[in-house]
Amino acid sequence: MLYLALSVLSSTWIFVVFKLYDVYKVQTLIAIIVNYFTACSVGLLLYDQPLEIQQILGASWIWGPIFMGVLFITIFNLMAKTSQVAGVSVASVATKMSLVIPVLLGVLLYREQLSAFETIGILLALAAVYLVSGKGKGIHVDRKHLILPILVFLGSGVIDSSIKYFEEEHLSDPEIPIFSSMIFGFAALSGLVFIAIRPNKKEMKLNMKNVLGGVALGIPNYFSIYFLIRALRADLLGSAAIFTINNVAIVMLSTLIGILLFKEKLTPKNWAGVALSVLSIILVALF
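Residue numbers (numbering that gives the first Met the number 0): 0 to 286.
Note that these hints are calculated values from the structure, not bench results.
This one's a predicted model, so the numbers in the text were calculated from it and none came from an experiment.
Some hints could be false.
With a Cα cut of at most 20 Å, we get these calculated EDC-like pairs of lysine to aspartate or glutamate [unchecked claim]: (1) K264 <-> E111; (2) K18 <-> E263; (3) K80 <-> D21; (4) K208 <-> D21.
Computed Cβ-Cβ distance ranges for the label pairs, DEER-style [to be verified]: (5) K208 <-> L145: 33 to 39 Å; (6) I149 <-> R110: 26 to 32 Å; (7) V106 <-> T266: 30 to 36 Å.
Ideal Cβ positions, reconstructed from N, Cα and C, are used throughout, including at glycine.
Working from the sequences, and respecting the hints, build out all of it.
Below you can see the structure in the form of structure tokens.
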């Protein structure tokens, strides 16, 4: 449970850093790419085996970080676009409700058994995500923009499912740091390609503020993946329970930090979502 708690804390810190980007006018795209290079570097520093490029490129899991690295930068841009055309709430719900995909993977592919309480907890978790993320009058998406949250939902779910697959089928304990590092390394390279083909290159500024913003994001970003993989390997809970608790706890803790640090206001519906979050975590964790 310690690894799961550390993963939640790391992911929640990412939320805090993103909030501070608005305060200090950090250029998000540049900071995101610096963040990926930082996360990659942290993994390389934690890898206590000889760093042999040929051996790493020949590992059975290497195609996973390549695939997930490209997916990371793609989903980031899709989330940004979804936030712009459909609202932040829609992007948030699409991202967090993607926990359904790794949960189904655990049940169907790895034959994990869900108790009645766990099933109820997962359903409550989905309701909690919706209620906490919804601001104002509710969540609505124009039909012409519906494809964006669907792609965010699928992409986020595929990333989590891929982490479970490689943890289960390909990784040994010593390989976890380098595997996590390679995900962010290929995400960084994908980001550079994206900038190279981006039409508005004049807007890109590699200054100290953007670099520090990227470093502040990259360290917790690395550990959010690293500790999640460690939690999956601990075998104290099934992957369905871990992904549910991880996603819902991040939503709940991020919401509470938003209230305490950034003076965000919650509607009664949001508070109901927080209460459901707590209940869902109790049901999934204890039963």
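For this session: Using the Cβ atoms, figure out if K208 sits within 33 to 39 Å of L145.
Result: Roughly 36 Å apart at Cβ, these two residues keep to the hinted range, so it holds.
For this session: Verify the proposed pairing of K80 with D21, using a straight-line Cα cut of 20 Å.
Result: holds, 17 Å
For this session: Check the following: the C-beta atoms of V106 and T266 are separated by a distance inside 30 to 36 Å.
Result: holds, 34 Å
For this session: Would you check the hint for K208 and D21, treating anything up to 20 Å between C-alpha atoms as holding?
Result: holds, 12 Å
Problem set entry | Restraint status (C-alpha distance of K264 to E111 at most 20 Å) | Not satisfied, since the Cα-Cα distance of roughly 39 Å exceeds 20 Å.
Exercise. When you check the alpha-carbon spacing of K18 and E263, does it fall within 20 Å?
Worked result: holds, 11 Å
Problem set entry | Hint check for R110 and I149 - Cβ pair distance inside 26 to 32 Å | holds, 28 Å
Violation of the numbered hints given earlier is confined to hint 1; every other hint is satisfied by the structure.
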